[in-house]
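Asks: Just so you know, the protein sequences line up as chains A and B, in that order. Each residue of the first sequence is one higher than the one before, starting from 880 at the first, in my numbering. Each residue of the second sequence is one higher than the one before, starting from 880 at the first, in my numbering.
Hints in this document: simulated from the structure, not taken from any laboratory. The beta carbon of each residue, even a glycine, is placed where N, CA and C say it ideally should be. Honestly, I wouldn't trust all of these hints.
According to the in silico footprint, chain B covers these stretches of chain A (three or more CB under 8 angstroms from chain B) [unchecked claim]:
| hint | stretch |
| --- | --- |
| 1 | 932–938 |
| 2 | 1044–1051 |
| 3 | 1123–1137 |
| 4 | 1167–1174 |
In silico SDA-like links for lysine to any residue, alpha-carbon gap of 25 angstroms or less [unchecked claim]:
| hint | chain 1 | residue 1 | chain 2 | residue 2 |
| --- | --- | --- | --- | --- |
| 5 | B | K1196 | A | G1229 |
| 6 | B | K1226 | A | G1229 |
| 7 | B | K1226 | B | R1085 |
Okay, the calculated beta carbon distance ranges per label pair [unchecked claim]:
| hint | chain 1 | residue 1 | chain 2 | residue 2 | range |
| --- | --- | --- | --- | --- | --- |
| 8 | B | R1211 | A | Q1176 | 44 to 52 angstroms |
| 9 | B | F1189 | A | L1130 | 51 to 59 angstroms |
| 10 | B | S1202 | A | R1217 | 48 to 56 angstroms |
| 11 | B | P911 | A | A1195 | 53 to 61 angstroms |
There are 2 protein chains.
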Amino acid sequence: MIGVLGGGQLGRMLALAAARLGFDVTVLEPEPDCPASRVCARTLTAPYDDPAALLEMARTCQVVTFEFENVPAPVVEQLQAHDALAAPGRLALATAQDRVTEKTFLRAHGLAVADFAPIATAEDVAAAMARLGPRALLKTRREGYDGKGQTWVEGPRDAEAAFARIGGRPAILEAAVPFVRELSVIAARGWGGEIACYPVGQNIHRDGVLRTTRAPAQVSAATAAQAEAIARTTLQALDYVGVIGVELFELEVGALLVNEFAPRVHNSGHWTLDGCEVDQFEQHVRAICGWPLGPTQPLAAVEMENLLGFEAEQWAKLAADPSARLWLYGKRTAREGRKMGHVNRLKPLG
Amino acid sequence: MIGVLGGGQLGRMLALAAARLGFDVTVLEPEPDCPASRVCARTLTAPYDDPAALLEMARTCQVVTFEFENVPAPVVEQLQAHDALAAPGRLALATAQDRVTEKTFLRAHGLAVADFAPIATAEDVAAAMARLGPRALLKTRREGYDGKGQTWVEGPRDAEAAFARIGGRPAILEAAVPFVRELSVIAARGWGGEIACYPVGQNIHRDGVLRTTRAPAQVSAATAAQAEAIARTTLQALDYVGVIGVELFELEVGALLVNEFAPRVHNSGHWTLDGCEVDQFEQHVRAICGWPLGPTQPLAAVEMENLLGFEAEQWAKLAADPSARLWLYGKRTAREGRKMGHVNRLKPLG
């Protein structure tokens, strides 16, 4: 029995991959009738930090994992206090939860990140602008995803208003990065330290939300090797077990900066569902369950497109396209921008 | 919501395919804790002909399908009385449930089958042997699968003993077929009559149980066309909706005889899980839900091997083999000969 905290589409696809390998899954999720609940052996409907639910997870699951990074840190401690195996562990979650901690950690391990400054007050923003340039990105330190909780600061005069726009919360100010492309690398590490990396993907965002991933990305061998080295360093530094998604900026000069990492399976890795023999979800299950990691070479070139909100209503057209592999997440109601499914379009490897 | 009668590995893989496309599944199965129950939205634990369970299936499911052919015929009538859509329908199930009815039906639609005689008594066996040859195969008319409920009759003197060996039940006596290979074809038909056939597979049985399927089978274009024509004729004759498995004997002269058909997804179609973009389970879901049928051309040559009983304990070795795609069914206990999982080994198309 594998425990999964979080019952959205990532938890659902993890449960499907686990089932293929004969495992049962228990999902812990506060929202009733979540997408993963309908494909798993057992669902506990309770807050993530509910002590009784965590005790039950620890008692019945041989390993517990996470669909998202914003699990309260005491949750991992509670699971471990009950002798549950948690993967990835506390260090990865705690580091990913705070953007200042994350960038400091990456830099301390020799990885290049955009220049940044921790922000506590509007005055900090104005002061940091002097160093970080005429335009910089202000993000809350904690939470915020898909472009939420962040805003551009358009010069020192905008400092106070920008700080107000993100709710006046503890934040990070990041220098603008003149990137030419956004890339990501999905990689896995097992309990014995073995590592497997998928080819780099190229990501296209709109309004802060991932729209399209093309993989394998057309990058030089040097860039591919650099991306893999970044993933390896991150996995080893975090003593990580499971699949990680590392988002990268590619600069004109060919250098890579790390934007952030997600200590979980990642939207930009959905192409592997139809592009590789072992996809990121099965790879995560293999890693956390102590199975050998699977092969990561691509079988096809894939363009993954997210279906947001009412775009999923195109299902009939997509299902009729023989080159399109459709995934729908079973969400009851479509909302503007909500991730309802995705489609992988396959082409022969170029 | 899709209803599935039967919660074994076929029901489990149907539920996984349905989940990929965003559907929910309700399983009806008398055995508690069945393999499919752990990957579906809802399980009704009751006999297949339980009126309350069938009413609930009809009330909550938009379409009801079957994991196996031996559903009591009144079940389909009860579902239809409650205005439930059942696919495949009553004709396919009733025909497949009785070997004499099945062979008579196939022959009436111009398809070649082994010569046969209906058997009610031991005297019938002896009399039919005179026509069917010195050695013939005696099978119960109903039930019996994986080689159960059948025996060879070794000459007229064995007639009485043979009839006793199969329990003295209504039976069919089939002429021995001098086949060179056993083949099968997996095909699907939608509500609008559209048909899609997968390439023919070659099957190797041991002790009446399927061990290995190799697909696409090395057959001539004429044999492949003949197999597809047989599948089309059978689907149309049954006014069938869903996936069917048709088992064939290939004779030395290149002719094909139909052995039997299974009105459901079929063990010899498991190769499609890793060998085709749309596997037989997703194809069945597409067919019964009125979706367009998916592509059936092979992406790879596959050797599917069933893992029987304790063979599934090889999982660690199989998981470490990058050319082996492992499927385990989540059955709690291994028994000699029980289907615990299968492995698909992929090679480039030859």
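Asks: Each hint should be assessed against the structure and marked as holding or not.
Replies: Taking the hints in turn, this is what the structure says about them:
1. Check result for the stretch 932–938 of chain A against chain B: violated, 0 residues qualifying (beta carbon to beta carbon below 8 angstroms, three or more required).
2. Counting residues of the stretch 1044–1051 of chain A whose C-beta sits closer than 8 angstroms to any C-beta of chain B gives 0, which falls short of three, so the coverage hint is violated.
3. With a threshold of 8 angstroms between beta carbons, the proposed coverage of the stretch 1123–1137 of chain A by chain B is violated, since 0 of its residues qualify and at least three are required.
4. With 4 residues having a Cβ less than 8 angstroms from any Cβ of chain B, the stretch 1167–1174 of chain A passes the three-residue criterion, so the hint holds.
5. Between the alpha carbons of K1196 of chain B and G1229 of chain A the distance comes to roughly 33 angstroms, so the proposed pair goes past 25 angstroms and is violated.
6. This hinted pair checks out: K1226 of chain B and G1229 of chain A have alpha carbons roughly 20 angstroms apart, not beyond 25 angstroms.
7. Using a Cα cut-off of 25 angstroms, the hinted pair K1226 of chain B and R1085 of chain B holds, with the two alpha carbons roughly 24 angstroms apart.
8. For the pair R1211 of chain B and Q1176 of chain A, the supplied restraint of 44 to 52 angstroms is violated, since their beta-carbon distance comes to about 35 angstroms.
9. Between F1189 of chain B and L1130 of chain A the Cβ separation comes to about 56 angstroms, which falls inside the hinted range of 51 to 59 angstroms.
10. Between S1202 of chain B and R1217 of chain A the beta carbon distance is about 39 angstroms. The supplied range of 48 to 56 angstroms is therefore violated.
11. Distance hint check: the CB atoms of P911 of chain B and A1195 of chain A are about 38 angstroms apart, inconsistent with the given range 53 to 61 angstroms.
The structure does not agree with the numbered hints 1, 2, 3, 5, 8, 10 and 11 stated previously, though it agrees with the rest.
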